[in-house]
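J.: Listed below, chain by chain, are the residues.
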Amino acid sequence: MSRYTSATDADRREMLDAIGVETIEDLFADIPAGVRLDRPLDIAAGLSEQDVYARMRRLASRNVSTEDEISFLGAGMYDHYVPALVDNLLSRSEFLTPYTPYQPEISQGSLQVMFEYQTAISEVTGLPVSNASVYEGPSAVAAAGYLARLHNKRGRFLVSRGLHPHALETLRTNAHGFGATVEELPLSDGVTDPDALAAAMGDDVAAVFLAQPNFLGAVEDLEALAPLARSTGALLIVAADPLTLGVLKPPGDFDVDICVGEGQTLGNRLDFGGPSFGFFAVQEHLVRKLPGRLVGETTDVDGRRGFVLTLQTREQHIRREKATSNICTAQALNALAGVIYLSWLGRHGITELAELMLQRTAYARAELAALEGVELLHEQPVVREFAVTLDASVDRVIERCAAEGVNPGYALGRDFDEHPDGLLVAITEQRSRADIDRLVSVLGAAVTAERTGVMA
Amino acid sequence: MSKTMNDNRLHGDPGIADTAGQDGRGLSLEMPKQRDRAVTIFEKSKAGRRAFVAPELDVDAQPLDDLIPARMRRTEPPRLPEISEPEINRHYKRLSTRNFDLDEGFYPLGSCTMKHNPKLHERIAALPGNARLHPAQAPERAQGALELMYELQVALGEVAGLPHVSLQPSAGSHGELAGVLLTRAYHEDRGDHRTKVLTPDTAHGTNPATVTMAGYEVVKVGTDPDGGVDLEDLRAKADDQVACLMLTNPSTLGLFDRNIEEIASIVHGVGATLYYDGANLNAVMGISRPGDMGFDIVHYNLHKTFTQPHGGGGPGAGPIAVSDRIEPYLPRPQVVQGDDGSFVLDYDRPKSIGRLRGFQGNYGVFVRSYAYILSLGGDGLREASETAVLNANYLLARLREAGVAEYLPVAYDRLCMHEFVLSGAPMKRELGLKTLDLAKRLLDFGFHPPTVYFPLLVDEALLVEPTETETKETLDAFADTIAEILREGEQDPEIARNAPYTTPVRRLDEAGAAKRPVLRQPL
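Chains as they are written, first to last, in my numbering: chain A, 80 to 535; chain B, 1472 to 1994.
Next comes chain A alone, as it looks inside the complex (with noise of 0.2 Å):
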């Protein structure tokens, strides 16, 4: 019998026959002989419940967690904090295992997490209209592009080199196909240049794409940008970090038109790289063209108050080829951790986990650069990431620390050949300060070993 099915071979017979057929082979009278595989599937023969178990167990035991070292990989998923509760409400089968709310009668459990999900996103971001949430962070960036295509039939992008660099190749890869062309915008001293971006401005700019903090940790001034990028009827997107939203001015102070991002640091785990969520908030304007769900308050025949999709007329399943995305329902899970943990943290909280990681990061940097060696790449104000240069090999100098049981953070030269020893660090509020101590002794005594080339 086949794991997690009940037929025995009683109801097998007692079925086919209520069917009027002999075996179960001849169901699939219908599928040519010619397409028939004529052999068994080249998959192992299953497993009992507990050899899975050990056989995962020892894949998982392979790979080095963030609780088997200390690390400040950060560079688009962060190692924040998931509290107790996210996982244990999201244990429940009740948020589980049920599809897309469909059924709003039954549903209302869902559909009321993603009422509250939009509001919380809309708190944060300063925007007044979030959807119920799209795959993740880069795609996001992409679906944002795509609306942008539809509302003004403009072909031009320009990005911020700013922008986290999958974002920035997974807009080309959709630009490419609905038809808008890319063009990165220089950085300045670690921020977008305001100079090259009033340069590129015109009326056929479809829309300017900016990241805050952008992708070397700065904040950027958005205050100086967005009216330059909003000048030509451009639309401006920006792909925000949410929890530092508890710090900076949010996105919608500054006329924002639409604000992207990753949601992954709102009580989500790292699962090595998802699944976590996207969040999309975009202002009034723009509501008839948002991708993905949207959720309503209404009322009941009995004049009960309830919760139901709405404006689905913008969807796949009504529109079809004129739809404004094909995104189903996506990430429920992921942004009911989201919504949680933004109460969780609440009002004040997210302020002062903020507040806090800004200290830490400040400490961690200032450490950092007054090592011998090791220089920041860029002086601009940051909040739980910087980037610094190393004067030796970043991909040797992350080997040694690793050695250590410290993970020292991402090499920027994966995406930026400009800064080939480039290395940016997060500090999240999981680093306390006797681990940032010890990043700074392991990175220091790291960096001068590859500069007197002590062998490793």
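Hints may be right or wrong, so weigh each one.
Computed footprint of chain B on chain A; a stretch qualifies when at least three of its residues, placed anywhere within it, have a C-beta under 8 Å from a C-beta of chain B [to be verified]:
| id | region |
| --- | --- |
| 1 | 138-152 |
| 2 | 234-243 |
| 3 | 325-338 |
| 4 | 420-431 |
Partner residues are not named here, just some residues of chain B that face chain A (Cβ under 8 Å, in silico) [to be verified]:
| id | residue |
| --- | --- |
| 5 | Asp1574 |
| 6 | Gln1614 |
| 7 | His1739 |
| 8 | Gly1812 |
| 9 | Pro1920 |
I should point out that these hints are in silico values taken from the structure, not numbers from a laboratory. Backbone N, C-alpha and C fix where the C-beta goes; we use that ideal spot for every residue, glycine too.
Given the coordinates of chain A, work out where chain B should sit on it, guided by the hints.
T.: Coordinates of chain B only, in the frame set by chain A:
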């Protein structure tokens, strides 16, 4: 087993005792469902309450102005709830009870493959080596994860009969987009600039929506009287401007297209690619493979066929498999095995369409799907498909009995695969009950309704997919209930027209919601 709710319907909360259990009915009707006015977590906020306690500030605090200029800082905190942990917990626990879920009862939602979600998978996904593995970890320190992804690629490729797999797409719709972008890259690389993509009129809405996003024009292909692709129409529309045909096989009608070899030959004959929407793969694992049918590109729905829990609408994953000629264009990075047996991320793919998202994809989903494949093995996957098809045909046979068939005839009178379509048109005509009414009345009996009003081709459609993990007893109870609701409709159609009665809310004003959208809690 048969109980009516007539006596109680006026009360709104019928106090009929029923037992959730063997028959797959989820809702226990012993207790009326909670009928409180919905209160959001924002409305429960009270100044001064909190859950979060920040870790100690263990460095010397510097003035904020020295760190970030005041003009860049937030002046007002976001109006997130001020609420204690016990109250957050209770709020969401109580909200959860306002959901119906797969663990509660039968969920025959067509095209969605609501099969059991094994609990082992949650335990494995939560192991720190998985859950707390940073996606930018160096490959040599993430060998377990990369090996898992590699092995999953191999197994998925074997199921589809296509050797090259990318796990990157985040959902079925995302896999479709990948597939059409791959098609574009393939043609463009040959200097062939095509403009159209064919989709059958039975297609999921995601297919035509995807085509538009990928910059192609949609051309619809008709369906023949037998439920398959209309070959004449296909021949007429397949020309050298067609880049691709997107097909679901078995189709959204639950029917295997007997002409698949001819279809492939027509499509390939004009130089187009053949794309397989894998939403219905659960019917054919180990029995027939898309690659052997002539498909060039396939997407899988790991949340359908491979047991990732649906999560109330995500997360999922939509990996793709492709033939040799499409392989050079796959997204990057790809997980590959080096000569020394270790696993690496290969970015050096000059013809790649590029990334579709950040990092390596929804790894947490891969973990669950790989565990499922390990548990079932090749033979188990085949048995799963066989049982899914057996269950669907048995339920169809039960619904062909007198008392049901005259109101809900099967749309295409053939053996079905893992799902089938009924038409509620006679029920509407004879009893004045719409498919929607039947669906809503099913809620009172503790069943999730089938997919309704899809596929669009069938009037008053009900698309029923029982999956392999349901018992005969559950299928019987469902069939009995359908018959009972129809009998009840003969007596008094008003009952179903006003259903449901037992749910946390009753029918909702969707038109009003769209007319005056309230999309967030006013604060």
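J.: Holds or violated: the region 325-338 of chain A covered by chain B, criterion of 3 or more residues with Cβ-Cβ distance under 8 Å?
T.: Three-residue rule met by the region 325-338 of chain A, so holds; n is 5.
J.: Apply the coverage criterion to the region 138-152 of chain A and chain B: a residue qualifies when its Cβ sits closer than 8 Å to a Cβ of the chain, and three qualifying residues are needed.
T.: holds (count 12)
J.: Report holds or violated for chain B covering the region 234-243 of chain A, Cβ cut-off 8 Å, minimum 3 residues.
T.: violated (count 1)
J.: Does the CB of B/Pro1920 sit less than 8 Å away from some CB of chain A?
T.: holds, 6 Å
J.: Three or more residues of the region 420-431 of chain A near chain B by CB distance under 8 Å?
T.: Holds: 11 residues of the region 420-431 of chain A have a Cβ under 8 Å from chain B.
J.: Would you check whether B/Gln1614 satisfies its interface hint, that is, whether its CB is within less than 8 Å of any CB in chain A?
T.: Where the cut-off is 8 Å and the nearest Cβ of chain A is about 5 Å from B/Gln1614, the hint holds.
J.: Taking 8 Å as the limit, does the beta-carbon of B/Asp1574 come near enough to a beta-carbon in chain A?
T.: holds, 4 Å
J.: If you take the shortest Cβ to Cβ gap from B/Gly1812 to chain A, is it below 8 Å?
T.: Given a least distance of 13 Å, the restraint on B/Gly1812 is violated.
J.: Given B/His1739 was flagged as interface, is its beta-carbon under 8 Å from a beta-carbon of chain A?
T.: Since the shortest Cβ distance to chain A is 14 Å, the answer is violated.
Violated hints, listed in ascending order, are 2, 7 and 8; each of the other numbered hints is respected by the structure.
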